[in-house]
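A.B. asks: Residues per chain are reported as follows:
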Amino acid sequence: QKEVEQDPGPLSVPEGAIVSLNCTYSNSAFQYFMWYRQYSRKGPELLMYTYSSGNKEDGRFTAQVDKSSKYISLFIRDSQPSDSATYLCAMSASDYKLSFGAGTTVTVRA
Amino acid sequence: SQTIHQWPATLVQPVGSPLSLECTVEGTSNPNLYWYRQAAGRGLQLLFYSVGIGQISSEVPQNLSASRPQDRQFILSSKKLLLSDSGFYLCAWEAPGGAKNIQYFGAGTRLSVL
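Chains A and B are the protein sequences, given in the same order.
Using the working numbering, you'd call the opening residue of the first sequence number 51 and step up by one each time.
Using the working numbering, you'd call the opening residue of the second sequence number 85 and step up by one each time.
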């Protein structure tokens, strides 16, 4: 079993729809949770960062962490074609190492 | 503000040739530095990390090596490339101490070994 599981998709939605992405994990020591956005042939860019459980909102993006269920989510409201990218979840315990999901490819249709 | 540079962006090399990929960070001192390889649909695999000059830790035994000759310079090398070394290589930096475990990535180098 992988330490972090993420459905690779692909996910295709019409413009304006809500995009829902999620990851599950097995290591209960994880306490730092991140979402990265990666455009084709580019490096990942940090989108959201959450420490421990709870919700965090930044504009059209909302990140949720449920440590009891070992489940994290990213929601994108009012999706735009520019949101078309691969979204990677990442998480870590108190050490240096980040564990990544495989990434979900999202296409927002105009 | 901090920036990270990686070059070259694309590289095509024959099997058995040497490799040198360079990564530099600006705007911070004593960062933690990382090299990853990304395979399609398989996420990021950590190859090496460094917490200071000359301090390198290897995560995966392989045909590659890393060096950190200066505080903000991280180099990925190979003496003889294999076909299996093809992939997308990413360098990342993290603030000194790494308390928040937030890593910031460069634009990557796409390596094709033929």
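No lab work stands behind these hints: they were computed from the structure.
Take these hints with a grain of salt, some might be off.
What the hints assert, rightly or not - With a straight-line Cα cutoff of 30 Å, these simulated DSS-like cross-link-like pairs (lysine-lysine) come out:
| id | chain 1 | residue 1 | chain 2 | residue 2 |
| --- | --- | --- | --- | --- |
| 1 | A | 117 | B | 164 |
| 2 | B | 164 | A | 147 |
| 3 | A | 106 | B | 163 |
| 4 | A | 92 | A | 52 |
| 5 | A | 52 | B | 184 |
| 6 | B | 163 | A | 117 |
| 7 | A | 106 | B | 184 |
| 8 | B | 163 | A | 147 |
| 9 | A | 147 | A | 120 |
| 10 | A | 120 | B | 164 |
As the structure is a prediction and not an experimental result, all values here were calculated from the model.
A.B. asks: Of all the hints numbered above, which does this structure not satisfy? Sort the numbers upward.
C.D. replies: 1, 3, 6 and 10
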